[in-house]
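Chemist: Sequence:
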Amino acid sequence: MDKPASEGIVDQVKERYGRIARETSGCCGPVPISCGTVEIGYDAKELASIPEEANLGLGCGAPVERLGLRAGETVLDLGSGGGIDVFLAAHLVGPTGRVFGVDMTPDMLARARANAIKGGYTNVEFREGRLESLPIDDATIDAVTSNCVINLVPDKAAVFREIYRVLKPRGRLVVSDIVLDGNLPDALQKSILAYVGCLAGALQRERYFEIVRAEGLRNIEVLADVDFLAALGNNLPDDVRMVLEESGARVEELLGIVRSVTFRAEKPV
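Under this note's numbering, the first residue of the sequence shown is numbered 151, with each subsequent residue one higher.
Warning: the hint list may mix true and false statements.
Taking CB as the label site, the calculated pair distances span [as the list claims (entries may be wrong)]:
1. Q339 with K195: 36 to 42 Å
2. K318 with R172: 32 to 38 Å
3. S199 with G398: 40 to 46 Å
4. G366 with R277: 19 to 25 Å
5. D288 with A364: 18 to 24 Å
6. E202 with E402: 32 to 38 Å
7. D336 with G222: 48 to 54 Å
8. V372 with Q339: 21 to 27 Å
9. G332 with A194: 30 to 36 Å
10. A194 with D336: 38 to 44 Å
11. A260 with N384: 43 to 49 Å
12. A260 with R355: 34 to 40 Å
Here are the simulated EDC-like pairs of lysine to aspartate or glutamate, each with C-alpha atoms no more than 16 Å apart in a straight line [unchecked claim]:
13. K318 with D292
14. K268 with E202
15. K318 with D288
16. K318 with D287
17. K318 with E416
18. K195 with E215
19. K318 with E365
Bear in mind the hints are in silico, worked out from the structure with no lab data behind them.
No residue lacks a Cβ here, since even glycine has one placed at the ideal position from N, Cα and C.
Just need the whole structure built from these sequences, with the hints factored in.
Modeler: Right, dumping it as structure tokens:
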């Protein structure tokens, strides 16, 4: 029996990000595909505080610094990759806190766990799982974060439903993600390479936040809103260039449309 189209996309995403985990040697190594670049978010001091192998250059923002984390809190990072946001959060919640990272890619999990050992982190744990069905108990998380990953999931409503489930009452989330303020060219929308490159899987801004509200999250506030491709400038990752070449689209056509947004929301009592 054939897989649903959405599962085929998930398999493609898993394969390509597994390859990144295997082939990238460190923050300065070759990145086969990227949703972003460190210039959009992290500063040098933050990056110096964690194992360099945790930084794969895959984010489109810096959500952790906006979570307002406190000592002793429990944090969840969705699509934790090499562990960059998990480790940044671990410093902020301290030894009495706990940070979980969830990722569906075994190679990423292996890399993150090795980084945790290298960095001597005792307050972090990486779990294998899908964002649509998190391996986390109900109402156990103070704060959720994610960096340029939810746009890769076909069923985004399921992700925000799960976020609502695992958050404690008055728990909050700060997420960096890609949304659209306009329409992509048809060829780009149909490109699987564009999907795993964080473009074709993005939703229109209004629809994205409609889903967030529909799943029960409230007090939504956009904290940062950046023209994604303009911010990358001449530093477009190779696979983004390939996406554009494959589709025949030009960067100039997409300026102002592809947005990197960082937003906050919370679970009401």
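Chemist: It remains to establish, for every hint, whether it holds in the given structure.
Modeler: Here's how the hints hold up against the structure:
1. Distance hint check: the CB atoms of Q339 and K195 are about 39 Å apart, consistent with the given range 36 to 42 Å.
2. Between K318 and R172 the Cβ separation comes to about 36 Å, which falls inside the hinted range of 32 to 38 Å.
3. As the Cβ distance of S199 to G398 is approximately 42 Å, the hint placing it in 40 to 46 Å holds.
4. For the pair G366 and R277, the supplied restraint of 19 to 25 Å holds, since their beta-carbon distance comes to about 24 Å.
5. Between D288 and A364 the beta carbon distance is about 19 Å. The supplied range of 18 to 24 Å therefore holds.
6. In this structure the supplied range 32 to 38 Å holds for E202 paired with E402, their Cβ-Cβ distance being about 35 Å.
7. Evaluation of the 48 to 54 Å hint for D336 and G222 yields a pass: the beta carbon distance comes to about 50 Å.
8. Between V372 and Q339 the beta carbons are some 24 Å apart, a value that agrees with the proposed interval 21 to 27 Å.
9. The hinted range of 30 to 36 Å is satisfied by G332 and A194, whose Cβ atoms lie roughly 34 Å apart.
10. About 41 Å separates the C-beta atoms of A194 and D336, a value consistent with the hinted range of 38 to 44 Å.
11. The hinted window of 43 to 49 Å between A260 and N384 is violated, with their beta carbons roughly 33 Å apart.
12. Under the hint 34 to 40 Å, the C-beta atoms of A260 and R355, about 36 Å apart, fit the expected range.
13. Distance restraint check for K318 and D292: the Cα-Cα separation of roughly 6 Å lies within the 16 Å cut-off, and the hinted pair is therefore satisfied.
14. About 10 Å separates the Cα atoms of K268 and E202, which keeps this hinted pair within 16 Å; it holds.
15. Among the hinted pairs, K318 with D288 is consistent with the structure: their alpha-carbon atoms are about 8 Å apart, no more than 16 Å.
16. For the given pair, K318 sits about 10 Å from D287 by alpha-carbon distance, which is consistent with the 16 Å threshold.
17. Our distance criterion of 16 Å between C-alpha atoms is met by K318 and E416, whose separation comes to about 10 Å.
18. For the given pair, K195 sits about 12 Å from E215 by alpha-carbon distance, which is consistent with the 16 Å threshold.
19. For the hint linking K318 to E365, the alpha-carbon distance of about 15 Å falls within 16 Å, and the restraint holds.
The structure fails hint 11 only (numbered hints given earlier).
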